[in-house]
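K.L.:
Here the protein sequences come in this chain order: A and B. Just add 5 to wherever you are in the first sequence, counting from 1, and you've got the working numbering. Just add 5 to wherever you are in the second sequence, counting from 1, and you've got the working numbering.
These are calculated hints, taken from the structure and not from any lab test. Among the hints, erroneous ones may be present.
When chains are identical, the list treats them as one kind, so a pair holds in a single copy or across two.
What the hints assert, rightly or not - Okay, derived cross-link-like pairs now, PhoX-like style, lysine-lysine, Cα gap no bigger than 25 Å in a straight line: (1) K95 x K450; (2) K214 x K202; (3) K173 x K394; (4) K395 x K88; (5) K19 x K164; (6) K114 x K164; (7) K474 x K450; (8) K95 x K35; (9) K394 x K164; (10) K270 x K119; (11) K348 x K264; (12) K202 x K173; (13) K394 x K44; (14) K52 x K347; (15) K95 x K58; (16) K48 x K325; (17) K173 x K119; (18) K177 x K120; (19) K218 x K510; (20) K124 x K84; (21) K119 x K47; (22) K389 x K347; (23) K92 x K58; (24) K47 x K291.
As the structure is a prediction and not an experimental result, all values here were calculated from the model.
2 protein chains.
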Amino acid sequence: MKKIRSALISLSDKTNLKPLLQALKKNRVKIISSGGTFKIIKKLGFKCLEVSKFTNSDEILEGRVKTLHPKIHAGILNKRDNKTHSKEMKIRGFQNIDLVIVNFYPFEKAINEKKNHGKIIENIDIGGPTMVRAAAKNYNDVTVITSHEQYFELIDELKINKGSTSLKFREKMSRIAFTETAYYDSVITNYFNEISKISFPEKKIIHKKLVEKLRYGENPHQESALYSDSKSLLLNQIHGKTLSYNNYNDIFSALRISKTLPKNKGTVIIKHANPCGVSILDNKIKSYKSALACDPLSAFGGIVSFNFKVTELLASELKKNFYEVIIANGFDRAALKILKSKKNLRLIDASKFSLNENIKFNSFENSILMQSTDNQHISKKNIKIVSKKKPNKTQIENLLFAFNICRFVKSNAIVLVSNKSTVGIGSGQPSRLDSCQIAINKMDKFNNTQDEIVAASDAFFPFQDGIEKLIQSGVSAVIQPSGSIRDKDIISFANATGTVLVFSKTRHFNH
Amino acid sequence: MKKIRSALISLSDKTNLKPLLQALKKNRVKIISSGGTFKIIKKLGFKCLEVSKFTNSDEILEGRVKTLHPKIHAGILNKRDNKTHSKEMKIRGFQNIDLVIVNFYPFEKAINEKKNHGKIIENIDIGGPTMVRAAAKNYNDVTVITSHEQYFELIDELKINKGSTSLKFREKMSRIAFTETAYYDSVITNYFNEISKISFPEKKIIHKKLVEKLRYGENPHQESALYSDSKSLLLNQIHGKTLSYNNYNDIFSALRISKTLPKNKGTVIIKHANPCGVSILDNKIKSYKSALACDPLSAFGGIVSFNFKVTELLASELKKNFYEVIIANGFDRAALKILKSKKNLRLIDASKFSLNENIKFNSFENSILMQSTDNQHISKKNIKIVSKKKPNKTQIENLLFAFNICRFVKSNAIVLVSNKSTVGIGSGQPSRLDSCQIAINKMDKFNNTQDEIVAASDAFFPFQDGIEKLIQSGVSAVIQPSGSIRDKDIISFANATGTVLVFSKTRHFNH
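Input sequences plus hints: build the corresponding full structure.
P.N.:
Written out as structure tokens, the structure reads:
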């Protein structure tokens with residue numbers, strides 16, 4: 006237990022100050038403060054000594070230098086049970102500071118509010134983090150409070166311990182204090198790296214806020230949590246059970262696709278983080294039905310994502326199947342009524358969410374593999390027609406759609422498309438030939454399309470066998486990146502079979 | 006351009022000090038220092054003013070308070086072109102500090118050397134980061150140097166600009182300085198969280214060092230880099246082309262499996278981050294041949310990982326196939342000679358690498374999904390035999406092996422095993438039935454095993470169809486987590502067909 010006799014208070018965010026001051030007064034804690042904090046303490050009617058009076062040294066450089074003083078830092082840093090320290094303090098007439106209550110200049114807020122660079126820089130706090138770090142280092146003797154949310158914990162602690170704090174409490178507050186200083190400087194370094202356009206600095210610091218602890222991870226024996234830049238995502242859950250790790254994983258997979266489809270038309274069905282049906286048909290009911298038709302068995306228990314608003318009619322269709330989650334750019338009131346009849350069904354309004362993903366990473370052991378996102382969305386101008394037979398307009402549209410979906414399918418990926426809808430997706434196979442076969446099997450099993458079928462491959466065909474299988478199954482046009490030593494053979498084969506062959510040049514591996 | 010007239014030097018790591026001091030002397034820079042740095046500067050024969058003389062204030066509390074003084078910080082923080090600042094400096098007789106050269110107490114080293122908590126805490130630097138942060142904030146006027154690797158850059162800069170530094174240079178050094186302070190406090194906060202056993206704090210800071218920038222990411226149009234806790238991984242590449250992003254991704258997938266197999270026996274072949282063959286046969290040649298036999302087509306261009314040393318005989322077998330990477334716990338000299346004849350083949354000695362993965366995460370947009378690793382390795386005591394027919398010893402061994410491999414196969418996962426080797430792997434399908442079919446197809450295509458076949462499923466069978474297909478294909482024993490509402494039907498079906506059915510209780514989703 007350490008008795009609190011004196012407190013140094015320096016705050017940018019002055020929330021909840023009154024109950025704190027009342028508790029300090031009750032425990033006869035001497036308060037030292039400066040600037041705006043000093044003024045408000047006096048205004049609230051509490052006694053307070055100015056820092057400049059405490060240090061006997063003026064506040065200078067427009068406040069840049071006020072607490073950076075040996076009297077302050079010796080007051081915080083001296084070890085109370087060290088005789089040399091105590092002697093040095095006594096000789097100089099230095100006094101202990103037992104409690105440091107500081108929050109920092111709002112640097113992150115300044116960035117988010119897009120202030121100019123000069124103003125942002127001025128919001129780098131020097132004195133604050135120094136006091137907090139000093140107090141946190143000396144937690145054996147000193148209590149450090151870094152946010153107004155901790156005031157009530159402090160008030161309770163002082164009450165329980167009659168004006169003292171326990172080592173356990175000081176330890177905890179010290180731990181959080183170092184998180185705050187680390188977080189603060191992480192924001193600063195990432196700001197500087199961003200304006201200098203440096204993606205991969207020598208030392209990389211990733212800083213995130215806890216959105217929520219999840220019930221468990223991919224499996225019940227794993228713990229899990231979701232972190233982000235702010236304490237909530239721009240996904241508004243309006244109904245249903247709490248989201249699980251696997252829900253989030255599927256939702257993220259769905260949004261990556263949904264948000265890149267043509268505006269206001271696109272249905273994506275996801276199962277096990279893989280798309281099992283995508284359609285961009287104009288008619289929204291047809292779009293959903295076509296996406297579902299690609300693999301209705303897999304869709305069971307999956308999640309559906311629309312980049313448009315769900316109508317009553319669509320809701321009645323959706324109700325016929327079992328889904329874990331439905332994501333949309335809003336829901337009509339009548340649609341909501343229908344869907345809310347399913348108690349557990351999670352409904353997500355993603356209309357405020359926009360995709361702006363630049364860096365992607367995943368961990369292994371203590372390592373992180375980091376890369377810029379595969380944002381290559383191809384259009385007509387990116388492709389090269391290499392077969393004698395030229396594609397018609399519909400084929401081109403379907404080829405581009407198929408290839409742009411490939412990007413989101415686990416490699417090796419084969420996507421079959423007919424009439425702006427996938428009709429077969431082969432994913433996650435070590436052999437490209439197997440992915441072809443899986444896509445074809447899906448098509449044969451579930452689809453009765455009368456329209457032409459086109460195919461996309463996320464990487465080149467290493468041998469003729471894959472493309473051969475596709476053509477034999479009725480595919481009339483194929484898009485692939487090219488780059489194999491057998492490209493010529495494959496062009497010849499396309500020509501011999503009267504197939505349209507298009508090179509996209511871009512590869513879309515996704516593991 | 007800003008002329009450097011005075012420098013404050015405070016170093017824990019005193020490498021390369023001499024050439025720095027020579028350059029400062031040449032440019033008539035006045036040096037201020039204290040403690041150990043002061044002593045070594047004097048010893049090297051250079052002039053130096055003690056900090057205590059500069060501030061006119063003693064160094065106290067065993068060095069805890071020396072530079073935390075208004076004279077130092079006003080000297081750093083004053084804006085040279087601000088009249089009020091200049092006036093305040095002049096009145097007090099404060100002098101400018103134009104250059105701050107500081108590195109910190111070695112906190113990370115103290116942790117790595119497993120010093121006691123008290124010593125670790127003593128290694129939290131307060132004065133150093135404060136000076137660096139102040140100088141970095143005021144980069145418009147002040148140059149900040151945070152590592153001896155930057156000395157030569159500084160020396161060049163002073164030479165080119167005749168004793169001045171450019172804004173560009175100061176900006177760059179400031180950016181790196183904030184990375185250093187952020188990194189430093191990240192290490193501290195993670196140390197405190199670790200000893201407090203907190204995996205998911207309110208604010209999560211991940212700090213990593215660049216191992217290498219990679220040529221590109223998963224695809225050529227993506228930039229990429231590998232980060233880790235130290236500047237190199239414990240993987241020793243002894244031959245071959247530079248490792249690519251996809252190589253690393255495959256190597257990590259391979260090591261996750263290799264390092265969990267029984268010691269000194271285990272072959273894993275990986276393609277597209279998925280295993281396409283695993284064997285734990287005692288005989289190392291047979292082990293490799295069996296792993297390869299599981300899917301020899303997919304193995305082409307894949308990577309092979311052994312958790313034992315590669316012999317000459319094994320090397321001659323390996324030479325027959327095309328691989329991107331071979332990982333092993335070392336290579337015999339004769340083996341190396343054989344394998345090095347393939348110029349591009351990457352050879353990795355992973356004998357020093359041990360797997361100790363606690364947290365796993367991946368990113369989406371600005372979010373991170375984080376979870377404790379799925380480390381559940383099941384053994385005989387974890388399983389429950391639920392069929393009338395009881396498994397024999399070989400079946401149990403094969404069932405456990407199959408289920409423990411499931412953990413590393415992308416969901417839905419089905420693994421068929423015969424004689425301690427996989428004979429069919431079905432992965433990455435939204436439908437469990439499809440994964441069953443893929444595994445069976447592999448087995449039918451490549452395997453002529455005379456031994457019994459067992460099957461593992463990473464999650465329960467939602468319907469009877471999957472297990473039915475497996476049994477029809479010759480599977481005599483099945484292991485699965487259980488948990489379906491149709492578990493009873495599945496037990497009945499196993500009994501009706503004389504199949505061994507075992508519940509593992511643990512699920513192994515892996516997306």
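K.L.:
A separate judgement is required for each hint: does it hold in the structure or not?
P.N.:
Outcome of the hint check:
1. Taking identical chains as interchangeable, the C-alpha atoms of K95 and K450 are never at most 25 Å apart, the minima being 88 Å within one chain and 87 Å between chains.
2. For the identical chains of this complex, K214 and K202 are neighbours both inside a copy (23 Å) and across copies (18 Å), given an alpha-carbon limit of 25 Å.
3. In this assembly of identical chains, K173 and K394 lie within 25 Å of each other by CA distance neither inside one copy nor across copies; the values are 77 Å within and 56 Å between.
4. In this assembly of identical chains, K395 and K88 lie within 25 Å of each other by CA distance neither inside one copy nor across copies; the values are 90 Å within and 74 Å between.
5. For a Cα distance limit of 25 Å, the shortest separation of K19 from K164 inside one copy, 22 Å, qualifies, whereas the shortest one across copies, 49 Å, does not.
6. Taking the closest pair of Cα atoms, K114 and K164 never come within 25 Å of each other, the shortest separation being 34 Å inside a single copy and 40 Å across copies.
7. For the identical chains of this complex, K474 and K450 are neighbours both inside a copy (16 Å) and across copies (17 Å), given an alpha-carbon limit of 25 Å.
8. Proximity of K95 to K35 under the C-alpha cut-off of 25 Å is restricted to the intra-copy arrangement: shortest distance 18 Å within a copy versus 34 Å between copies.
9. In this assembly of identical chains, the alpha carbons of K394 and K164 never lie at most 25 Å apart, being 85 Å within a copy and 66 Å across copies at closest.
10. When the C-alpha separation of K270 and K119 is checked against a cutoff of 25 Å, the pair qualifies neither within a copy, at 33 Å, nor between copies, at 58 Å.
11. Taking the closest pair of Cα atoms, K348 and K264 never come within 25 Å of each other, the shortest separation being 27 Å inside a single copy and 44 Å across copies.
12. Taking CA atoms no more than 25 Å apart as the test, K202 paired with K173 passes between copies only; the shortest distance there is 14 Å, against 43 Å inside one copy.
13. Proximity of K394 to K44 under the C-alpha cut-off of 25 Å is found in neither arrangement, the shortest distances being 81 Å within a copy and 82 Å between copies.
14. Taking the closest pair of Cα atoms, K52 and K347 never come within 25 Å of each other, the shortest separation being 59 Å inside a single copy and 80 Å across copies.
15. For the homomeric pair K95 and K58, the shortest alpha-carbon distances inside one copy (18 Å) and between copies (22 Å) are both at most 25 Å.
16. Neither within a single protomer nor between protomers do K48 and K325 lie at most 25 Å apart by alpha-carbon distance, with minima of 64 Å and 85 Å respectively.
17. Only between protomers do K173 and K119 lie at most 25 Å apart by alpha-carbon distance; the minimum there is 23 Å, versus 40 Å within a single protomer.
18. When the C-alpha separation of K177 and K120 is checked against a cutoff of 25 Å, the pair qualifies only between copies, where the shortest distance is 21 Å, while the shortest distance within a copy is 34 Å.
19. For the homomeric pair K218 and K510, the shortest alpha-carbon distance between copies (24 Å) is at most 25 Å, but the shortest distance inside one copy (42 Å) is not.
20. For a Cα distance limit of 25 Å, the shortest separation of K124 from K84 across copies, 14 Å, qualifies, whereas the shortest one inside one copy, 38 Å, does not.
21. Proximity of K119 to K47 under the C-alpha cut-off of 25 Å is found in neither arrangement, the shortest distances being 33 Å within a copy and 48 Å between copies.
22. Taking the shortest alpha-carbon separations for K389 and K347, neither the intra-copy value of 49 Å nor the inter-copy value of 35 Å comes in at or below 25 Å.
23. For a Cα distance limit of 25 Å, the shortest separation of K92 from K58 qualifies both inside one copy, at 23 Å, and across copies, at 22 Å.
24. With identical chains, the CA atoms of K47 and K291 are never at most 25 Å apart, being 68 Å at best within one copy and 83 Å at best between copies.
In this structure, the hints that do not hold are numbers 1, 3, 4, 6, 9, 10, 11, 13, 14, 16, 21, 22 and 24, in rising order.
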